[in-house]
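Sequence positions in the sequence shown follow our numbering and run 762 to 829.
Some clues are possibly wrong.
In the DSS-like style, the derived pairs of lysine-lysine whose C-alpha atoms are separated by at most 30 angstroms in a straight line are [said to hold, decoys possible]:
| # | residue 1 | residue 2 |
| --- | --- | --- |
| 1 | Lys772 | Lys794 |
| 2 | Lys778 | Lys794 |
| 3 | Lys772 | Lys820 |
| 4 | Lys820 | Lys794 |
| 5 | Lys820 | Lys791 |
| 6 | Lys778 | Lys791 |
| 7 | Lys772 | Lys791 |
| 8 | Lys778 | Lys820 |
Hints in this document: simulated from the structure, not taken from any laboratory.
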Amino acid sequence: MSSVPFLGNSKYRQLLKDEFNLLTIENDMKFSKIHPQRDTYNFVIPDLIVEFALENDMKVRGHTLVWH
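Build the full structure now, drawing on both the sequences and the hints.
Here's what the structure looks like:
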């Protein structure tokens, strides 16, 4: 799933709740997003998505921490 509609569209979030029981985070779990530079980590978006999943009894697949 893409974080762009997730963050900005309540109908998209409702669709996820109604139709799915597993979320696969698209690009926001990639190392370059989480660790964009030395000594800098940013888990804000993945944390929001995981929190949403937990609140709605969903599983999460974090695609992908290591790439290439």
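Hints, verified against the model:
1. Straight-line distance between C-alpha atoms of Lys772 and Lys794 comes to about 25 angstroms, which keeps the hinted pair within the 30 angstroms bound.
2. Proximity of Lys778 to Lys794 is assessed by CA-CA distance (about 25 angstroms); at most 30 angstroms being required, the pair is judged to hold.
3. This hinted pair checks out: Lys772 and Lys820 have alpha carbons roughly 20 angstroms apart, not beyond 30 angstroms.
4. Between Lys820 and Lys794 the CA atoms are separated by roughly 21 angstroms; this keeps the pair inside 30 angstroms, and the hint holds.
5. Straight-line distance between C-alpha atoms of Lys820 and Lys791 comes to about 18 angstroms, which keeps the hinted pair within the 30 angstroms bound.
6. Among the hinted pairs, Lys778 with Lys791 is consistent with the structure: their alpha-carbon atoms are about 24 angstroms apart, no more than 30 angstroms.
7. The suggested pairing of Lys772 with Lys791 holds, with an alpha-carbon distance near 26 angstroms, which does not exceed 30 angstroms.
8. Our distance criterion of 30 angstroms between C-alpha atoms is met by Lys778 and Lys820, whose separation comes to about 12 angstroms.
The structure fails none of the hints (numbered hints given earlier).
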